[in-house]
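Listed in order, the protein sequences are those of chains A and B.
Oh and the first sequence: position 126 is 125 in numbering that gives the first Met the number 0, straight run, nothing missing.
Oh and the second sequence: position 194 is 193 in numbering that gives the first Met the number 0, straight run, nothing missing.
No lab work stands behind these hints, which were simulated from the structure alone.
Careful, some of the hints might be misleading.
[Claimed, not checked] Simulated crosslink set (SDA-like; lysine to any residue; CA at most 20 Å straight-line):
id : chain 1 : residue 1 : chain 2 : residue 2
1  : B       : Lys225    : B       : Phe178
2  : B       : Lys585    : A       : Met46
3  : B       : Lys96     : A       : Ala42
4  : B       : Lys585    : A       : Val230
5  : B       : Lys585    : A       : Arg16
6  : B       : Lys585    : B       : Val638
7  : B       : Lys543    : B       : Asp512
8  : B       : Lys585    : B       : Val561
9  : B       : Lys543    : B       : Ala67
10 : B       : Lys54     : B       : Ala24
11 : B       : Lys585    : B       : Arg565
12 : B       : Lys225    : B       : Ala67
13 : B       : Lys225    : B       : Glu295
14 : B       : Lys585    : A       : Arg29
15 : B       : Lys585    : A       : Gln18
16 : B       : Lys585    : A       : Gly86
17 : B       : Lys585    : A       : Ala26
18 : B       : Lys96     : A       : Asp21
19 : B       : Lys585    : A       : Gly19
20 : B       : Lys225    : B       : Asp509
21 : B       : Lys96     : B       : Phe178
22 : B       : Lys585    : A       : Leu27
23 : A       : Lys244    : A       : Val230
24 : B       : Lys585    : B       : Asp512
25 : B       : Lys585    : A       : Arg22
26 : B       : Lys54     : B       : Leu64
27 : B       : Lys96     : B       : Ala67
28 : B       : Lys225    : B       : Val600
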Amino acid sequence: MRVAALLRERARRWARRRQGPDRGAVALHRRRVYILPSQLGIAYASMLLAMLLGSLNYGSSLGLALTFLLTGLGLVAMHHCHRNLTGLELAAQDAEPVFAGQVALFPVTLENRSAGARYELTLEHDGRPTSPVDVHARGQARLELAQPTQRRGVLRLEHYSLSSTFPLGLFRAWAWLNVDQRGIVFPRPARPSLLPPPTRRDTGGVQKQAQGDEDFAGLRGFRPGDSPRHVAWKAFAREHELLVKQYDGTAVEIHWFAWQRLPAVGTEERLAQLCRWILDAHARGQAFGLELPAARVEPAVGRRHRQQCLTLLALFESTQAVT
Amino acid sequence: MPSRATGESFASLVWTLTALALATAPHVPHLPAWAVLLALAAGAWRLLAERRRWKFPARVIRFPLALAVFVMVLVSYRTINGVEAGSALLTVMMAMKLLETRTARDQRVLLFIACFMIMAGFLYGQSLWMLPYTAFTIWITTAGLLQAARAANPLAARRALSLSGRLLVQALPVMLVLFLLFPRVPGPFWMLPAEDNTAASGLSDEMTPGSIADLTLSDEVAFRVKFDAAIPPPSRRYWRGPVLHEYATGTWRVAPALGTGAATVTGLGTPYRYRVTLEPHGRRWLFALEMPQAWEPGAARQTFDYQLVSPEPVRRLFAYDVSSTVEYRTGQHLDSRLEAYELRLPPGENPRTRALARRLRASSANTLDYARRVLDHFRSEGFAYTLEPALLAADPLDQFLFETREGFCGHYASAFTFMMRTAGIPARVVTGYLGGELNPLGDYYIVRQSDAHAWSEIWLAGRGWVRIDPTAAVAPGRLQDSAARALRGTAARGVLSNNALFRGLRQIGDALDNEWKQWVVGYDNRAQNDLLQRIGITEPDWRKLTLALAVLLAAFVAGLSVYLAREFRPRDRDPVGQLYARFCHKLARRDLARGPAEGPVDFSRRVARARPELADPAGRITRLYVRLRYESAGTPRDVQALRRLIAAFDAGRHR
């Protein structure tokens, strides 16, 4: 129903102008909660009309009494429906970062400070409602809005609605929320196919790469991709076989992932590759550093470091937010 | 839409099906057996399907099935217009809907059907004693509506019942207001079904001597009477019903309209004014004290034989006001055609009765004397008044007068009228009721079927039609008491009806029933006008009513809002915090929102930087707040001071 969707969007924008943006915790004021009959409510009204006509026709006094009781029930239900939402408090947090293609979860905490319980509350964004939850008197409930992601960047959740059809499903009360929640979306990592670039070992001090008395641990066969610097040329001169020097010792492998060293493919492919390397290095417990055109991160290990690097990748040259 | 039951909605289904069962139960006696079985089967199937996750039947099965049951209803009732056909149709519709109930919305639609079922049940009867059951059904239905949307997470039963109970109780004032003030547009708007299920009961349009005796066995209420002021003595409480003019083989029958002129009756003495509330009996007769002088113009008209009839058969409780006098004189002119009719007797029947009649007439001076002699004959020749007389065969009156000499009021009235006609006096049998039991709780009289009576009416030149009750000659106690009392010691009547406790209980029950009927069941257009006039709305029309309704409903809505707000407002446990929150809210409205982690002092400094003119008041408020909140050095006076400061705080115009 395109017309309905259009009207709803216009109404939402009008409400946004009227209410202003929301910051931090939001308390649902009476005037922010809107209410309309649902489809079932309209069917209910038709049923009441039919019962009214039938009772008047047959002169059934008790039939009229029943009709009026159900009318009163509808009226009372409307008030309860509206009251179910009014006074509720929401606190919205930013989403945990996810990778492109995964689903970002935006947590919303509902807090009910009043003495009455609140029932069947749903958050809805883009036509996707969450499962209804109840919030006990003086209790809390946590809902998560799921947003599928496709591209990297900053995912912004600008508006969604909280609604409920409690108690009898005859009315739908809702409130629009304009909390600017964000979530970082990391680029999708590439397939694990390319080998990581040559490693450097750090045995404690700052060492230049080519020299130093590291423990020589023997030779191994040359594998495509080894750096020419590690080739044992003297052995080659002797044996006519390409061999690579290996070193031993208590060393931490350090990787440097640099933008410039990647082959000249598109931006997204490069970012995907860097992402894959970061994940692999982190999984193996190896330190890594990141070098991008506009930023440089010294090698380190740990979750925060990984997060920081991935965030840099996510925000690389992105001026627009991703919705 | 799922094509298979998910198994999640079992609990809410149980609620829905319970509500449906409760709503349908009152219809079961009136439904054909196959419809009831169909409904039970559908309900059982749906529950099993939910338990075992069966697939729902496809359209190719459901549509022909629905068509088939529709046709079966048509065949059973030959129509779909009518109370019984309608509820059968509703029942099978419900059964068909059960086969495809998948979502919460479907369950709620089923519960709407239950509401219709409850309403249809009222068309069978609106007795007070069904009220608790109906209220319970409505309660369960509302709880079902609550549970329908909570498939995966149903409310506990107690909570569901308490919540729905509260909703219904809060809806009661609306119901009351609408019930009293909603304009009662008199129906019907469309044709009422031709065949109604109100079986004709009570007095019929013909009488054999035994038929009145049958009625005496029934305790059912025929009608109730409330007198305005004066109450006629018991011996005068003759309630005139159908008048029977034709006699053949022991049966008296109603005749076609024989007179065209308006019946003239002159009342003598003080009139008695009363209101009759007549139970539906399927015929057009209205009962009134002999003789009615005035009555509600539209409600009744008087026939040529002084009976009151209604334009429509009485199928609903019907109340009407009449004014009667017990002394009267009818018109003096007897139309010759009518006279001939009232003298007609089938030839050859009851020869001994005729002989007796002629003998007595010959020895009488005039008509009145003759009548007295016949009554004396009944009195002195050992006639008995009994409920179970011997059966009479051919020439029943001969047998009665000369052999059995025992009978009920019908025998005596029949014999007397026959003998009058034989002697050339126009006479007819009048049936109706005699008496009435006072119910002191409601100050009204109950006339039951057991008070049915038959008497005679003869034409005396110079006096017009005069009532003669031959039963008075045989059982004079009958005039003062009900037939049951008069028969004490003879036929076997239930011991119960003479038991004082039982009578007392029955009177309480009947008084309640009477109030129920007057105020609820019988509350129609006229009753509404009466009530409004008593309140002071002299000329009720729909505009004034609508205004009154709107005002009252608005008042109710306001009251409910206030009540709910009290319940949902957070407890006032932290007045200081709330005051400070109000202060922050005032600033937030001017784009100076306090951050979620910003301390009050920092906030106050930020405000001072952004809006120097507010620095002073904001600072004072903050200092007081900090003292109250963090230093525990505040007094209640300080809280008041804080309240005043914050109330006076004005964040000023937005730049």
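Evaluation of the provided hints:
1. Lys225(B) / Phe178(B): Given that 20 Å is the threshold and the Cα spacing comes to 24 Å, the pair is violated.
2. Lys585(B) / Met46(A): Outside the cut-off at roughly 47 Å; violated.
3. Lys96(B) / Ala42(A): 16 Å, holds
4. Lys585(B) / Val230(A): 74 Å, violated
5. Lys585(B) / Arg16(A): 19 Å, holds
6. Lys585(B) / Val638(B): 18 Å, holds
7. Lys543(B) / Asp512(B): 32 Å, violated
8. Lys585(B) / Val561(B): It is violated: about 25 Å lies between the C-alpha atoms, which goes past 20 Å.
9. Lys543(B) / Ala67(B): 50 Å, violated
10. Lys54(B) / Ala24(B): Roughly 29 Å separates the two Cα atoms, so the pair is violated.
11. Lys585(B) / Arg565(B): 24 Å, violated
12. Lys225(B) / Ala67(B): Cα-Cα ~53 Å, so violated.
13. Lys225(B) / Glu295(B): The given pair, whose Cα atoms are some 16 Å apart, holds under the 20 Å limit.
14. Lys585(B) / Arg29(A): 17 Å, holds
15. Lys585(B) / Gln18(A): Measuring from Cα to Cα gives roughly 15 Å; hence the hint holds.
16. Lys585(B) / Gly86(A): 18 Å, holds
17. Lys585(B) / Ala26(A): With Cα atoms ~14 Å apart, Lys585(B) and Ala26(A) stay inside 20 Å; holds.
18. Lys96(B) / Asp21(A): Violated, at about 46 Å.
19. Lys585(B) / Gly19(A): At roughly 14 Å apart (the allowed maximum being 20 Å), Gly19(A) and Lys585(B) satisfy the hint.
20. Lys225(B) / Asp509(B): Holds, at about 14 Å.
21. Lys96(B) / Phe178(B): Violated: Lys96(B) and Phe178(B) sit about 32 Å apart, past 20 Å.
22. Lys585(B) / Leu27(A): 16 Å, holds
23. Lys244(A) / Val230(A): 6 Å, holds
24. Lys585(B) / Asp512(B): 62 Å, violated
25. Lys585(B) / Arg22(A): 14 Å, holds
26. Lys54(B) / Leu64(B): With Cα atoms ~17 Å apart, Lys54(B) and Leu64(B) stay inside 20 Å; holds.
27. Lys96(B) / Ala67(B): 14 Å, holds
28. Lys225(B) / Val600(B): 81 Å, violated
The structure does not agree with the numbered hints 1, 2, 4, 7, 8, 9, 10, 11, 12, 18, 21, 24 and 28 stated previously, though it agrees with the rest.
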